[in-house]
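Undergrad: Sequence:
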Amino acid sequence: MDASSPSLPLSERARAALETRILSGELAPGTRLNEVALAAQLGLSRGPLREALRGLERDGLVTAGPAGQGMSVRRLDPEEMAELYDMRALLQGFILARLAQEQAAGRLAVGLLAGLRARVAEMEACAALGDAAGYYACNLAFHEALHEGAAHRRAGMLYTSLLKESHLVRQRSLARPEQMRDSNAEHARMLTAVAAGDVMQARALGEAHVAEGGKRRWLESLVTTGHPSDC
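The sequence shown begins at 1 in my numbering and counts up one residue at a time.
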């Protein structure tokens with residue numbers, strides 16, 4: 001969603017702008033959202049802003065505090081984060097299996113695998129440079145391309161919803177070069193299974209990438225940062 005598009009209602013423009021700030025880390029988990037200040041920054045009244053915040057609450061990005069205390073950026077506890085990994089793993093396995101099935105039937109979009117391999121190469125270069133921000137951006141684009149290639153709208157919508165809730169924690173879990181290389185090796189193995197049209201292997205590797213690899217890297221980040229409450 002383009003927050004600058006004049007065709008969008010004010011509330012949607014505000015929602016998009018705030019979502020960008022939250023997902024980029026500008027508004028960190030636990031940050032209290034001052035309606036007066038935000039309305040002034042976004043150049044709108046508090047009515048559209050409150051509508052935007054209600055939408056972000058439905059998305060799981062902000063949460064309402066006790067009566068009279070307004071809203072804040074949602075802070076996930078470890079149990080919630082573990083559940084997100086579990087559900088994302090199931091969807092990731094489904095997406096990879098669907099891609100492998102399409103490949104086996106000769107229906108996979110021309111150029112999809114080549115584009116995905118190019119993303120893997122980009123991520124490898126970012127890992128070599130220790131460029132965590134660049135790696136994370138490429139990683140998001142890689143997974144988005146997987147979902148677009150699978151062409152299953154409902155699975156893509158569910159995955160995107162779960163992904164938004166876990167962005168900041170996932171960024172911390174892909175901060176070190178060894179974490180990036182580990183994650184990217186899993187990407188390469190997933191693509192090998194898809195290219196071979198191996199549905200069972202693709203599903204297993206897709207689930208393991210999230211449920212085992214991703215969750216393990218997240219748990220390691222809790223130990224190294226010493227801030228489990230920030231999850």
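Be aware that one or more of the hints could be misleading.
[Unchecked claim] Pairs of lysine to any residue, SDA-like flavour, derived with a Cα cap of 25 Å: (1) 164 <-> 35; (2) 215 <-> 78; (3) 164 <-> 80; (4) 215 <-> 9; (5) 164 <-> 9; (6) 164 <-> 132; (7) 215 <-> 192; (8) 215 <-> 117; (9) 164 <-> 24; (10) 215 <-> 69; (11) 164 <-> 104; (12) 215 <-> 201; (13) 164 <-> 197; (14) 215 <-> 79; (15) 215 <-> 8; (16) 215 <-> 35; (17) 215 <-> 204; (18) 215 <-> 65; (19) 164 <-> 196; (20) 164 <-> 65; (21) 215 <-> 25; (22) 164 <-> 105; (23) 164 <-> 215; (24) 164 <-> 106; (25) 164 <-> 195; (26) 164 <-> 59.
In case anyone wonders, no lab produced these hints; they're calculated from the structure.
Undergrad: Give a verdict on every hint.
TA: Structure-based check of all given hints:
Of the supplied pair hints, the one linking residue 164 and residue 35 holds, its CA atoms being roughly 22 Å apart against a limit of 25 Å. Restraint check for residue 215 and residue 78: the C-alpha separation of about 11 Å stays at or below 25 Å, so the hint holds. Restraint check for residue 164 and residue 80: satisfied, since their Cα atoms lie roughly 13 Å apart, inside the 25 Å limit. For the hint pairing residue 215 with residue 9, the CA-to-CA distance comes to about 38 Å; that exceeds 25 Å, so the pair is violated.
For a cut-off of 25 Å, the pair hint linking residue 164 to residue 9 stands: about 22 Å separates their Cα positions. Distance restraint check for residue 164 and residue 132: the Cα-Cα separation of roughly 18 Å lies within the 25 Å cut-off, and the hinted pair is therefore satisfied. This hinted pair checks out: residue 215 and residue 192 have alpha carbons roughly 22 Å apart, not beyond 25 Å. Our distance criterion of 25 Å between C-alpha atoms is met by residue 215 and residue 117, whose separation comes to about 24 Å.
About 11 Å separates the Cα atoms of residue 164 and residue 24, which keeps this hinted pair within 25 Å; it holds. Straight-line distance between C-alpha atoms of residue 215 and residue 69 comes to about 33 Å, which puts the hinted pair past the 25 Å bound. Distance hint between residue 164 and residue 104 is unfulfilled; the C-alpha atoms sit about 32 Å from each other, more than 25 Å. Distance hint between residue 215 and residue 201 is fulfilled; the C-alpha atoms sit about 20 Å from each other, no more than 25 Å.
For the hint linking residue 164 to residue 197, the alpha-carbon distance of about 30 Å lies beyond 25 Å, and the restraint is violated. Between residue 215 and residue 79, the direct Cα distance comes to roughly 12 Å. Compliance with the 25 Å bound is thereby established for this hinted pair. About 37 Å separates the Cα atoms of residue 215 and residue 8, which puts this hinted pair outside 25 Å; it is violated. Taking the CA atoms of residue 215 and residue 35, the gap is near 35 Å; set against the 25 Å cutoff, the hint is violated.
For the given pair, residue 215 sits about 15 Å from residue 204 by alpha-carbon distance, which is consistent with the 25 Å threshold. Only pairs whose Cα atoms come within 25 Å are accepted, and residue 215 paired with residue 65 is rejected, the gap being roughly 29 Å. Restraint check for residue 164 and residue 196: not satisfied, since their Cα atoms lie roughly 31 Å apart, outside the 25 Å limit. Annotation: proposed proximity of residue 164 to residue 65 holds, straight-line Cα distance about 20 Å (limit 25 Å).
Between residue 215 and residue 25, the direct Cα distance comes to roughly 20 Å. Compliance with the 25 Å bound is thereby established for this hinted pair. Simply put, residue 164 and residue 105 have alpha-carbon atoms about 33 Å apart, too far for the 25 Å limit, and the pair is violated. Our distance criterion of 25 Å between C-alpha atoms is met by residue 164 and residue 215, whose separation comes to about 16 Å. Between the alpha carbons of residue 164 and residue 106 the distance comes to roughly 33 Å, so the proposed pair goes past 25 Å and is violated.
Only pairs whose Cα atoms come within 25 Å are accepted, and residue 164 paired with residue 195 is rejected, the gap being roughly 29 Å. Simply put, residue 164 and residue 59 have alpha-carbon atoms about 8 Å apart, close enough for the 25 Å limit, and the pair holds.
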